[in-house]
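Q: If you're matching them up, the sequences are chains A and B in order.
Following the numbering used here, the residues of the first sequence are numbered contiguously, the last one being 255.
Following the numbering used here, the residues of the second sequence are numbered contiguously, the last one being 609.
The hints are simulated quantities; they were obtained by calculation from the structure and are not laboratory data.
Check before you lean on any hint, since a few could be wrong.
Reference listing, derived: stretches of chain A covered by chain B, where coverage requires no fewer than 3 residues with Cβ under 8 Å from a Cβ of chain B [stated by the list, open to error]:
(1) 82-91
(2) 235-246
Non-contacting residues of chain B with respect to chain A, defined by C-beta distances greater than 12 Å in every case (computed) [claimed, not checked]:
(3) F272
(4) Q297
(5) I356
(6) L377
(7) R378
(8) I396
(9) A411
(10) V431
(11) V434
(12) F442
(13) L446
(14) I458
(15) M468
(16) L558
(17) R567
From a predicted model like this one, the values you see are computed outputs, not experimental measurements.
Every residue gets a Cβ at the ideal spot worked out from N, C-alpha and C, and that includes glycine.
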Amino acid sequence: MTATLETDHLALQFGGVNALSDVSIQIAENSLHAIIGPNGAGKTSFFNCLTGYYRPTSGAVRFQGSEITGLDAAKVAALGVRRTFQNIRVFPKMSVLENVLAGGHLRATSNLVSIVFAGPGFRRQERLLHDEAMASLEFVGLADQWNNLAGDLPYGMRKRMELARVLIAEPVVVLLDEPAAGVSSVEREELSQVIQRIHDRGTCVVMIEHDVDLVMEIATDVTVLDNGRIIASGLPQDVRVNPDVIRAYMGRERK
Amino acid sequence: MSTENLLRPDRINVSAFHVVRKGLVVAFVVAAAFLPQMTQNQYYLGVAFQAEMLMCLALGLNIVVGYAGMLDLGFAAFFAIGAYTTGILSTKEHWSILASIAPGVVVAVISALIIGFPTLRLRSDYLAVVTLGFGEIIQAIAINLNQTGGPTGIYAIPALTIGSVVVASNTGYYYVFFVLVVVFALFSSRLRSSRFGRAWLCIREDEDAAKAMGINTNHYKLYAYVFGALLGSITGSLYAPALTAISPASFGFSESLLIVMAVAIGGLGSIWGVIFGAAVVEIFPEVFRSFAQARLLVFGVALVILMVLRPRGLFPERAFRGLGARIQSRFGPTHVTSPLQVAGDAGKSPLDES
Numbered sequence: 001m002t003a004t005l006e007t008d009h010l011a012l013q014f015g016g017v018n019a020l021s022d023v024s025i026q027i028a029e030n031s032l033h034a035i036i037g038p039n040g041a042g043k044t045s046f047f048n049c050l051t052g053y054y055r056p057t058s059g060a061v062r063f064q065g066s067e068i069t070g071l072d073a074a075k076v077a078a079l080g081v082r083r084t085f086q087n088i089r090v091f092p093k094m095s096v097l098e099n100v101l102a103g104g105h106l107r108a109t110s111n112l113v114s115i116v117f118a119g120p121g122f123r124r125q126e127r128l129l130h131d132e133a134m135a136s137l138e139f140v141g142l143a144d145q146w147n148n149l150a151g152d153l154p155y156g157m158r159k160r161m162e163l164a165r166v167l168i169a170e171p172v173v174v175l176l177d178e179p180a181a182g183v184s185s186v187e188r189e190e191l192s193q194v195i196q197r198i199h200d201r202g203t204c205v206v207m208i209e210h211d212v213d214l215v216m217e218i219a220t221d222v223t224v225l226d227n228g229r230i231i232a233s234g235l236p237q238d239v240r241v242n243p244d245v246i247r248a249y250m251g252r253e254r255k
Numbered sequence: 256m257s258t259e260n261l262l263r264p265d266r267i268n269v270s271a272f273h274v275v276r277k278g279l280v281v282a283f284v285v286a287a288a289f290l291p292q293m294t295q296n297q298y299y300l301g302v303a304f305q306a307e308m309l310m311c312l313a314l315g316l317n318i319v320v321g322y323a324g325m326l327d328l329g330f331a332a333f334f335a336i337g338a339y340t341t342g343i344l345s346t347k348e349h350w351s352i353l354a355s356i357a358p359g360v361v362v363a364v365i366s367a368l369i370i371g372f373p374t375l376r377l378r379s380d381y382l383a384v385v386t387l388g389f390g391e392i393i394q395a396i397a398i399n400l401n402q403t404g405g406p407t408g409i410y411a412i413p414a415l416t417i418g419s420v421v422v423a424s425n426t427g428y429y430y431v432f433f434v435l436v437v438v439f440a441l442f443s444s445r446l447r448s449s450r451f452g453r454a455w456l457c458i459r460e461d462e463d464a465a466k467a468m469g470i471n472t473n474h475y476k477l478y479a480y481v482f483g484a485l486l487g488s489i490t491g492s493l494y495a496p497a498l499t500a501i502s503p504a505s506f507g508f509s510e511s512l513l514i515v516m517a518v519a520i521g522g523l524g525s526i527w528g529v530i531f532g533a534a535v536v537e538i539f540p541e542v543f544r545s546f547a548q549a550r551l552l553v554f555g556v557a558l559v560i561l562m563v564l565r566p567r568g569l570f571p572e573r574a575f576r577g578l579g580a581r582i583q584s585r586f587g588p589t590h591v592t593s594p595l596q597v598a599g600d601a602g603k604s605p606l607d608e609s
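The shape of chain B in the complex, shown without the other chains (with noise of 0.2 Å):
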C-alpha cells in the first residue's frame, strides 16, 4: 500500500471500478491533449481554448463559491486586473506577457483583501451584493481610466512568448491553458485535501460550528477569496495575448454569471464537475449556431432542463463515490478496507496513549 493511499483512506477502496475510473481520467487527459492533433478546424480550437479559459476561471471561482460556499457575483472583476496588467505592462511598458504575471497577481491579492477584509464577514445574499458591486467598479474604472484605454480598450498585446517559443496560434494557446487547467485543477485538489480545503467546507456548512473546530473563519474567508483571485488573474494575464485585444466589456457581470453557471452547472466544490460545467457553458450556445437568433433561449432551456434533471450538478461532490458503491453492490461484495487495518497501530485508543 503506498503512502499516497494512506494520506486519502477514501481512495484505499481498491475495486475494478476505481481502476476503470483512473482509466477514465488519463483517457480523458490524453484525449484532450491530442485535440489539436485530430482537427485542424480553427474554429473547434478556438471554442476549445475558451472552453479552457472558463475552466480555469471557474476552478478559481470553485474555491471560493464551491469549497467556502460565498456567493461571489464579481468574479470577473480578478478576471479584468490580471488581462488589465498584463495589456498595459505588455504594451506601454514592453514588459513580456510572462513577467506581467506576476504584478498582475500582487494586484489582485491586494483587491482581494481591501475587498475581502470588511466585507467577508457578511453572509450569503449581502456577500452576493457587494461583489457585484466590486465586479461593476473594476469594469467602471476600465471604461473610464485613460490608462486602460477607456471603452475601446488596450489592443495589440503581444504574443506570448515562453523562452524562445513564440506562441501565437490557436493550437498554441489550447497548449497553454491545457497546462493552466492541469495546474489548477491539481493546485485545487492539493488545497482540498489540506487543512485548508478542510476549513473551508466547514465554514460553507456550518460557520458557527466550524469555530468550534478552532477554525478562524474570517481568515479562512479571506484566504478562499485570495486564492480566487489568484487564480482568475493569472487566467486574465494570459487571456490578453491569447485574444491580443481586451475591453471592458468582456469583463462585464454577464462574464460573472457565466463563471458562476460553470461551477453551479458542473457541481459545487466539484474539480471534475467545474471542469465539465465550463466546457458545457462554453460549447452549448456554439453547438445550438444553427438556431441562430433562438441561440440563447435553447441555451437557456438546455441548462433549465440540466439543473431540474441534476440539481446538484453533472458531477456533484462525491458523485463517483455513490456510483461505485452502487456499482458494487450489484456485483458482489464490498471490500472496503479500513484505514485502521492499513496503518496498523492504528486502532489503539486514545485511552491507551494517555
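With the rest of the complex left out, here is chain A (with noise of 0.2 Å):
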C-alpha cells in the first residue's frame, strides 16, 4: 500500500517548547484522515508542517513517495496538497467565483500576449474555467453566490467557498482544518455531506476535527495527537475505546 502522505519522525519546536515530537504517520491512498486531539495538541502545527507553512525542526514529509519537507508552500499546494484553514482564509474584497478561480490559478497557464491581446486559447481556458469553478461552486451549493462579495458572506458559506476553491485545483489530498467548526447543526450535516462526496470522489481527505460524532461517522482512519506525540491511530471504533485517548480528553483518574 502507497501512503499519499507520510510523516517520519517529524518534530517541531519553538524555542523550547515541542509543539510536535516523532510523529510518524501515513496517510492511505483514498483515505479519510481524522486527526483528532485535544487543544493545543498540535494538529495545525502538524498541518503546517505537511504543507509548507513551517519548516520541521526534524523528520521529513513524504508525498507520494518523494520528499517534500521544508518546501514553499506553494509548491506544496502546486503538487496537489491544498489545503483549507481554521480560521477561513478567504479574499473578502473579491467575488466568490473569483476566489474559486484564484483555487484554479495553476492551470490558467495563458502566457502574456494571450492575455494582452484576449487571444483564442485564454479565451477558451478562461472559459472552461469559469465553467469549472460554477460546478464547483454548485457542488458545495453557492452557486447562486457566484457574484457577491467573499467578505460579505456569512461563516458557512465562506466554509464551503473554502471547500470549493480547493476542489477546482483537481487535488489529490485535502487538507480541512475543523471544517465543521463554529457552524449550525444544519451547515454542519451539509457539511459533512460535502466532505463525504469529495472522498466519494477519490480525492484523498485529511481532516483535524473537533467533532467527534462526525468524526466517527466519516473517517476511515483516526490518529490521535496528544501534546505533539501520538497516542492512538487506528480504525474510528477501535480509537473511540481506547484508554490513552479516554485520558486525554478526559483528565486522569483521580488515584
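The task is to assemble the complex, starting from two chains supplied on their own in separate frames and drawing on the hints.
A: This is the structure we're talking about:
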C-alpha cells in the first residue's frame, strides 16, 4: 500500500517548546483520515508542516513517495496538496467566483501575449475555468452566490466556498482544518455530506476535527495527537475506546 | 450571448443600468477625444495633458499598489528612468523619441528587478521605506551625474515624430497621452481579468492564503513591480519631448506622492477610479488658483473632505455593481442570469465527471 502523505519522525520546536515530537503517520490513498486531539495538541502545527507553512525541526514529509520537507507552501500546493484554514482565509474583496478561480490559478496557463490581446486560447481557457468554478460552487451549493463579495458571505458559506476553492484545483489530497467548527447543526450536516462526496470522488481527505461524532460518522482512519505526540491511531471504533484517548480528553482518574 | 459575456460572468447581468453605464463610458471617451476641438485655450490643454500624464503614471502604480497591495513610495523613479533615457539618447545620440522608448523600458525593468528581487518579500511598511529610498537614490543620481545634466537637467529635447508627423503642440501631446491612457487602461483591465490580476488581488487580500492557491507570491509581486515600471518608464519617455526639458526636481518624492494620491483618491484597484483620481489631483490645484498663496492649503482641505466622504476612493472596485444592485432593487426584480444557464452543461457537478 502506498501512502499518499507520510511523515517520518517529524518534530517541530518553537524555542524550547516541543510542538510536535516523533510524529510518524501514514495517510493511505483514498482514505478519509481524521486527526483529533485536545486543544494545543499540535494538530494545526502538523498541518502547517505538511503544507509547507512551517519547516519541521527534524524528520521528513513525503508525498506519494517523494520528499517535500521544507518545500515552499506554493510548491506543495502545486503538487496537489491543498488545504483550508482553521480561521477561514477567504479573499474578502474578491467575488465568490473569483475566489474559486484563484484556487484554479495553476490551471490558467495562458501567456502574456494571449492575455493582453484576449487571444482565442486565453478565452477558451478562461471559459473552461469559469465553468469549472461554477461547477465547484454548485457542488458545495453556492452557485447562486457567485457574484457576491466573499467578505459578505456568512460564516458557514465561507467555509463551503473555501472547499470549492480547493476542489477546482483537482487536488490529490485535501487537508481540512476543522471544517465543522462553529457551524450550525444544519450546516454541519451539509458539510459532512460535502466532505463525504469529496472522498467518494477518490480524493484523499485529511481533516482536523473536534466534533467526535462527525469523525466517527465519516472517517476511515483516526489519529489522535496529544502534547505533540501520537497517542493512538487506527479505525474510528478502536480509537474511541482506547484508554489513552479517553484519558487525554477526560483527564486522569484521581488515585 | 457573445463569448465576451461568458468570459466575464459579472457582465451577464444585462439591465438598463448596464446600458446606461456603457453609454456613459462611450460619451466620456468621445468627449475627452474632442476636448481640443471644444477649447482653443492653451492653458486648459496644458493642464489636460498633464492630467493625462498623471493618469498614465497612476495606472502604472495602480498595478503595484491597487492590485498587488504593495505600497510603493518611489514610483517616480521609473518615470525618471524613462524620461532621462529618452532625454539622453535623443539629445546626445540623436535617437528618435519613439526608438528611445525601448531602451528606457529595458533600463526601468532591469532596475525594477534589481530593487524588487531582494526587497519585495518585505511587507507593507518596510517595503514603503525601501521604495522611498529607491526614489531618492534615482533623484540623487540624476542630480550628480554629468550625463544627466546635473541639477539643471536636460533641455532642447527634440519633438516626438511619428512617421512624418511632428508632434509639437499641446493639442498634439494631448492626443498622444490620450491614446496612452486608453492603451494603459485596456492593458490593466486585461491583466486584471487574467491569472495575473487574480493572483495580485489574492496577495493583497491575504498573502499566506495566496500561497495555498499555488501562487508563487514572490514571482507575482515582482511581476506587478515590473509592469508598473514598464508603464512608468513609457510615460517618462513621452513626457521628455512633451516638456522639451527635464530636471531632477520633477522626479522627487513629491511626484511619487502625487501618484500615490491619485490612486488612493480614485480608488485602489479601480481603473476608472484611478483615472478620475489623477484628474482630481491635477485639476484641483489649478481650479484653486484664485486662492493664490492658499491654493495648496485649499487643495489639502479638499482632499481631506473627499477622503472623509469617500474613504475607499471616488470609484472603488465594484462600486458600480453596488449602485446597479440598488437601482435594480428600487425599479423592480433583478434579472441575474447565472452563467450556469448560459454555459449549458456546466451545471454538472465535478462528481459526475469522475
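Q: Broken hints, numbered, in rising order?
A: 2, 12, 13, 14, 15 and 17
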